[in-house]
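Order-wise, the sequence lines are chains A and B. As numbered in my numbering, residues 1 to 131 make up the first sequence, in order. As numbered in my numbering, residues 1 to 311 make up the second sequence, in order.
Hint data in this document are derived by calculation from the structure and do not stem from the laboratory. On a predicted model such as this, the values are computed, not experimentally measured, just so you know. Just so you know, nobody snuck in bad clues.
Covered stretches of chain B, going by a simulated chain A footprint (3 or more residues, C-beta under 8 Å): (1) 31-41; (2) 114-125; (3) 204-217.
Quick list of simulated restraints, FRET-style, between CB atoms: (4) V3/A - I71/B: 17 to 23 Å; (5) N19/A - W253/B: 19 to 25 Å; (6) T72/B - G10/A: 22 to 28 Å; (7) A189/B - P84/A: 54 to 60 Å; (8) S129/A - F114/B: 43 to 49 Å; (9) A100/A - A156/B: 51 to 57 Å; (10) R98/A - Y250/B: 47 to 53 Å; (11) I15/A - L163/B: 21 to 27 Å; (12) P29/A - I71/B: 34 to 40 Å.
Note that the Cβ used here is the ideal one computed from N, Cα and C, for glycine as well.
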Amino acid sequence: MRVAIEKLDGVDTVIVSLNEGLATIRFKPKHQVTVEAVRAAIRDNGFTPKAAEVRLTGELTDYQGNPALALPGTDAVYVLSPGPAAGSALAALKDVPRGALVSVVGEIPASPGKASREPLRLLVRSLVSGR
Amino acid sequence: MSPCGQLTAWLLAVALASGPAPGWAQGHGPIYGLSTPTLGRGGWSVDVATMSRAVGGTWMAMLRPMLSYGITEDVQASVSLPMPLRVPQRSRPVRATTRMPASPDVELLLGWRFRRRGTDVGSRLESTAYLGFDYPTDGVRSGVRTAPGVVVAGVAGYASRTLYLWTGGLYRRYMTPSGATADHPGDLAMYSLVLGYRPPPFRRDYPHPDWRVFVEAVGEVSARDVIGGVRQPDTGGHNVFVGPTLLGLYGTWGFPAGLSFRSTGDATAPSRPNRCGSPRCGRPSSAWTERCAPTPCAWRSRSSTGWIRSS
Numbered sequence: 001m002r003v004a005i006e007k008l009d010g011v012d013t014v015i016v017s018l019n020e021g022l023a024t025i026r027f028k029p030k031h032q033v034t035v036e037a038v039r040a041a042i043r044d045n046g047f048t049p050k051a052a053e054v055r056l057t058g059e060l061t062d063y064q065g066n067p068a069l070a071l072p073g074t075d076a077v078y079v080l081s082p083g084p085a086a087g088s089a090l091a092a093l094k095d096v097p098r099g100a101l102v103s104v105v106g107e108i109p110a111s112p113g114k115a116s117r118e119p120l121r122l123l124v125r126s127l128v129s130g131r
Numbered sequence: 001m002s003p004c005g006q007l008t009a010w011l012l013a014v015a016l017a018s019g020p021a022p023g024w025a026q027g028h029g030p031i032y033g034l035s036t037p038t039l040g041r042g043g044w045s046v047d048v049a050t051m052s053r054a055v056g057g058t059w060m061a062m063l064r065p066m067l068s069y070g071i072t073e074d075v076q077a078s079v080s081l082p083m084p085l086r087v088p089q090r091s092r093p094v095r096a097t098t099r100m101p102a103s104p105d106v107e108l109l110l111g112w113r114f115r116r117r118g119t120d121v122g123s124r125l126e127s128t129a130y131l132g133f134d135y136p137t138d139g140v141r142s143g144v145r146t147a148p149g150v151v152v153a154g155v156a157g158y159a160s161r162t163l164y165l166w167t168g169g170l171y172r173r174y175m176t177p178s179g180a181t182a183d184h185p186g187d188l189a190m191y192s193l194v195l196g197y198r199p200p201p202f203r204r205d206y207p208h209p210d211w212r213v214f215v216e217a218v219g220e221v222s223a224r225d226v227i228g229g230v231r232q233p234d235t236g237g238h239n240v241f242v243g244p245t246l247l248g249l250y251g252t253w254g255f256p257a258g259l260s261f262r263s264t265g266d267a268t269a270p271s272r273p274n275r276c277g278s279p280r281c282g283r284p285s286s287a288w289t290e291r292c293a294p295t296p297c298a299w300r301s302r303s304s305t306g307w308i309r310s311s
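Chain B extracted, bound-state conformation (with noise of 0.2 Å):
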C-alpha cells in the first residue's frame, strides 16, 4: 500500500476534561488523611515507607514497600508488606496513616472509584470507597494477642488544578469471635479531612515542577483491647492530628514532607503517651518515619524519608 493510502492523521488534538491530577492518580496528595484517585489502567506505582516509633524509652522501625497496580481506570489494588526492623515488647503500633498501616500488619487494599463526574476543565468530583484485609505478623502487640483484620474506607472530594477538598472515614475490625474467648487489640476508627491547594507559578503543565500544599486533619478514634472478652482499662482513646503538607511532583516521581500536631487527644489512646499537643512530621506519605517522645512528653513526632515511583 503506498504511503498516501495510509491514513495519515498527522494532527489529533483532543480535548480532556474532569481527568484526575497530572499523572499521580495513586493518591499522592495528602499523607494521612483518605484521597479518590485512584492508577489508570495497567498503572503501576512502588510506595516505599520507614516508620519508626518510640515510646516510653523504647523505640520500633520499619521499613514497608507498598506496590499499587490498576486494574481498570477506576478500580486498583495495593499491598503492602511490614519488614519489622526493631519490635520493642511494649510497642503499641498504630495504623496512623489512612493509606498504610504503621502496625506491623500485611494489608491487601482494594479501591473503588465508583463515582466521577467532570464539572470543568481539569476538575471533578469523585467518591472512591476501599475494602482491605490485614494479617498480622506478629502473635501479640503490647500484652494483647493479634487477629486478621479488615478495613474498609470510603471518601469523596473535588479535585481541580488549584484546590483540593477530601473527607472521608477508615474503619479497621479484628476477625476475633466474640465472647469469652475475645482476645484483640481495639478496633480503630478514623476520619479525615484534606483542603489543598496549588499555588499560581505550579500550575503549569509538564514537565515542570508541581508543588501542591495541604492541610490535613486525621482523628483516630480506637476501642479499648479486649482480653478474654472483657474491655481492658486505660487503652483505646481519640486522638485529633492537624497539620500541613507539602507535595512536590516531577515526572513520575513524588516528594512529599509534611508536619501536623495532635490538637486533641486521651491519654489512654493508643498513640499515646501526651497528654499535651504534639507535633507529628511526615514526608512522605510514601516513606515516613515516626518518632514519638518519650514520657513526660511534650511533644511526639513524625519524620519521614523517601520516594514514590508511579508509571
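Extracted from the complex, chain A is given alone in its bound form (with noise of 0.2 Å):
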C-alpha cells in the first residue's frame, strides 16, 4: 500500500503504521491529488479507508448553498460544515469573498463505498488563512 501511494504523481513521501492504522502522507508543491484518489489506491490493496485529517487549500466557493473548497487544477470539491471543535471557523468564512485561497484543517470521514459523484464532506476544525 505505501509503494501504491507513493506511486500517485505528487505524493512526497508516505509514511504507514500497520499497528495504528495510519497513514500519514506528504504531497509536493502544486500537486493534484484528490483524497479520492488516496483512498482507491488504498482499497486497491485490499486495505478499508476510514476518516482522513487533512490541511487542505483551496478557492472557496459554494455547493448548494454551503461554503466549500474547489481544488484547482482538479474537479474535487469538499463541502465544509462545522467540525465538533470547529468554533467560529465557519462563521468567519462568511466574510471571505468566493474565490479566495483558503486553508483549512478537518476531518474528511469515511466515505460509504467506493468513489461516489457526491463530494466529500469536511469537517471543519480550524481555519488556518483566509480571513
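Join the two chains into one complex using the hints; note that each chain is given alone, in its own frame.
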C-alpha cells in the first residue's frame, strides 16, 4: 500500500503504521492528488480507508448553498461543515470573498463505498488562513 | 497558475482498518495450508519452488515457478509451471501443498476473496474461494495415465497484527470419462487448519523485519487410482501432517521455513511408503524440497530453499 500511494503523482512521502492503522502522507507543491485518489489506492490494496485528517488549501466556493473548497486543477470539491471543535471557523468564512484561497484543517469522514459523484464533506476544525 | 492557486494539502492522515497483512496479500503465511489474502490490484508476486522427493530408493526433482497477479484487490490469478529435473519411473507425485501441486501439472489458479469484514484496526474476517485447472505434462504416473484436472477450494479465517486462524478445504478431480474407459490417478481432497502468532518484538511497522510463527495441520485424502474403470487396490489413503512454520518478511521479500510431521496416515496413501511418524520440513512456501526416506521408512522429510518476491 505504501508503494501504491507513493506512485501517485504529487506524493512526497508516505509513512504507514499498520499498528496504528494510519497512513501519513506529505505532498509536493503544486500537486493535484485528491483524497479520492488516495482512498482508491488504499482500497486497491485490500485495505479499508476510514476517516482522513487533512489540511487543505483551495478556492472558496459554494455548493448547494454551503461553503465549499474547490481544488484548482481538479474536479474535487469539499463541502465545509462545522466539526466538533470548529468554533467560529466557518462563520468567519462568510466575510471571505468567493474565489479566495482558504486553508482549513479538518476531517473527511469515511466514504460509505467506492467513488461517488457527490462531493466529500470536510468537517472543519480550524481555519488556517483566508480570513 | 500561481503556486498558491494549487491545492497545497500538504498533510493527509488516513485511518485504515481491516487491511491485509502488511504488503503480503499473496498468502505469504502458511506453507502447506490454505489462507485467504490476495494480492492488491495490479500487484504481482513471483514464487520459485524447487522440489524433490525420494521414495524407495528413487527420487524426483522439480523446479516450479509461479507468477501471481492481482486483477482486483479481491481477485488474483496464479499460474505455476512444472520444470521436472528428474522423473523416476515409479514416482507418484502428490500435491503436498495447497498453493501449488508437487505433481508435474501446469496449474492455473484463480482466487476470489468474496468476503472481507474488518473487526478492528489491522484485523479482519475473510473468506476466499479458489478455482484451478491442472494440465499434466506427463502421460503416465506410476503406471496410471494422467489427465487434466479441476481444483476447487475454499478457506475462511481471521487475521490480525497478532493472531491468525485459517481453515479450509481443497478438492482435485480428474476430468476423465467414467466407466470402462476411466483411467486416472485417484482424486484428491485436502483440508487444513492454520494457527499463527506474531510475537510482540515483531509487531513493529515497516521497515523493521516481521516474523510470524504458524502451526499447520494438513490432511490429504486420496481416492484409489482408476485403471480401465477399476479402482486399484493398495492405492489411495489418508495422511495428516502437523508442524510449525516460520515466516520472515522484509520489504517485498519473504523467507518462510517449516517442519511438519505426519501424525496419522495410511501406508497406501500416495505419500507412502511410511507407516510411522515422519517429519516433513519445508521452506518456504514458494520454494521447497521434499525428501522422502527410502524404505523401510522411519521418517519422511521435506526441506526447501528459495525466495518470494512481490510488489
